[in-house]
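Student: Chains X and Y, in that order, give the protein sequences. Throughout the first sequence, residue numbering follows my numbering, covering 3 to 166 in sequence. Throughout the second sequence, residue numbering follows my numbering, covering 55 to 385 in sequence.
Worth double-checking, as some hints may not be accurate.
[Stated by the list, open to error] Okay, derived cross-link-like pairs now, BS3-like style, lysine-lysine, Cα gap no bigger than 30 Å in a straight line:
(1) Y:348 <-> X:102
(2) Y:144 <-> Y:362
(3) X:105 <-> Y:232
(4) Y:181 <-> X:136
Keep in mind that the hints were calculated from the coordinates and are not lab data.
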Amino acid sequence: MGPISATKVFIHLLDVLEHGRGHVLVSSDLDDLFDSILLADERFRGEGFQEGFERGTRRGLQDGRRHGASHGAKLSSEISFYYGFAITWKCLLQHNTDLKSRKRVKALETLLGLIQNCPLDDPQSVNLQESTEKLRAKFRQVCSMLSVPTDFKDYIKTAEGTSF
Amino acid sequence: MKESLSLVQRLSAHPDSRCWFVSWSPNGTLLASCGGDKAVRIWGREGDSWICKNVLQDGHQRTVRKVAWSPCGNYLASASFDATTCIWKKKNDDFESLTVLEGHENEVKCVAWAPSGNLLATCSRDKSVWVWEVDEEDEYECVTVVNSHTQDVKHVVWHPNQELLASASYDNNICIYKEEDDDWECRATLHGHTSTVWSLCFDATGQRLASCSDDRTVKIWKEYPNESGQGDLSWKCVCTLSGFHGRTVYDIAWCRLTGALVTACGDDGVRVFKEDETASPDEPVFSLAAQVTKAHSQDVNCVAWNPKEAGLLASCSDDGEIAIWRFQEEN
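So that you can see chain X by itself, here it is in the shape it has in the complex (with noise of 0.2 Å):
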């Protein structure tokens, strides 16, 4: 409402006052006209800022929810291979009697030791990122051990996007 419109009202309700005409409006009655008017602007942007925060909060649940099954889908992948390749190896090795194999076989076991112990139920956990680089590095230990090339580009990509 523009000043000279507020200033007619507020005229009016000086005539009122004065000469009595209308009913009698109280003080509180005043408070309240004035109020709805001069506040309606801020009260329509925070009614404005609460529709438009929750609707935020929605979208940003559901990018991150896919974000998360992304990254974790990518995390999960890598690691399970890890785990099939060396529970495969250790298949073919474990009963061999001679010394490389029994060499071969612990390192596999250590690696699989690795992968039990990754916190993968807690993706804020600190140790997240150090046990998965923990096993990455023993990983690549284990194909020198086993003369694997590691060349595994067709089978998975690393979280990280790091490339074998």
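Keeping the supplied structure of chain X fixed, place chain Y upon it in accordance with the hints.
Tutor: Chain Y alone, transformed into the frame defined by chain X:
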């Protein structure tokens, strides 16, 4: 200065290319060099001069960055940008390729033999350090892959008498590794340099470590027994040499015979530092004893003291040349 650094001979080692590294054999009679021409050359003394005895040409597909002799002197390892490390065996006067160690994702920056002769360490631009074990049948097996650095690892060096390894990186840090349950782990990270650490070397006893960096300084680190008596190591920087080098210091070598330090610098100079005998061991003082400001026409990449002949020094440069020097203390 009563000390001097004089030129003995200049060799055109890797023509039209950079000479990246030089290494003396353990008995001091041979010098191995490697370069951008993908070759390794072996130099020996004939009378008063040094001549090329062997050229190891077909071991690598790219630049050979470093070479290292085994403690017995019968093997030579070469680390290359082609991501492999080649092990050569000395047979009479010739060298043959024994095996090729693969595994690093990209350029191998350094290779080093442990004093025991049973272990080898390599490091790479892929940020990892690999420790390899050699058995009696000359078979090499990787025992650990460690990722303690966050950037390119430039150099690895073994302690002279303990099973301890140190590495230097583009991430400005130095890492110290010890073996725990068959696995090598980083036990200490030395912070202090403000730019890439290019090289490291231990003194004769291994109680101190010297490092050189792109920040144009040399730092001396000393090992202190840990206060709580636990396994973890504690190294503190006890001395920083600054203001001597105009550019990046690419290499440093500590003479096991005389205790003198020599540096290779990007300002083309070679500098020798001597330790002040009277200073406290916790606050060592090094002063410039001799320098050749224009030792080469380009960046000096490497310096190495002869292990048997005190004062004999080799340097090599981007200009493809090797220079042999004599550091003398005139009395």
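Student: Measure nothing beyond the straight line between the CA atoms of residue 144 of chain Y and residue 362 of chain Y; if it is 30 Å or shorter, mark the hint as holding.
Tutor: holds, 20 Å
Student: Is the Cα-Cα distance between residue 348 of chain Y and residue 102 of chain X 30 Å or less?
Tutor: violated, 53 Å
Student: Are the Cα positions of residue 105 of chain X and residue 232 of chain Y separated by 30 Å at most?
Tutor: holds, 20 Å
Student: Going straight from one Cα to the other, do residue 181 of chain Y and residue 136 of chain X come out at no more than 30 Å?
Tutor: With Cα atoms ~13 Å apart, residue 181 of chain Y and residue 136 of chain X stay inside 30 Å; holds.
Checked against the numbered hints given earlier, the structure breaks only hint 1 and satisfies all the rest.
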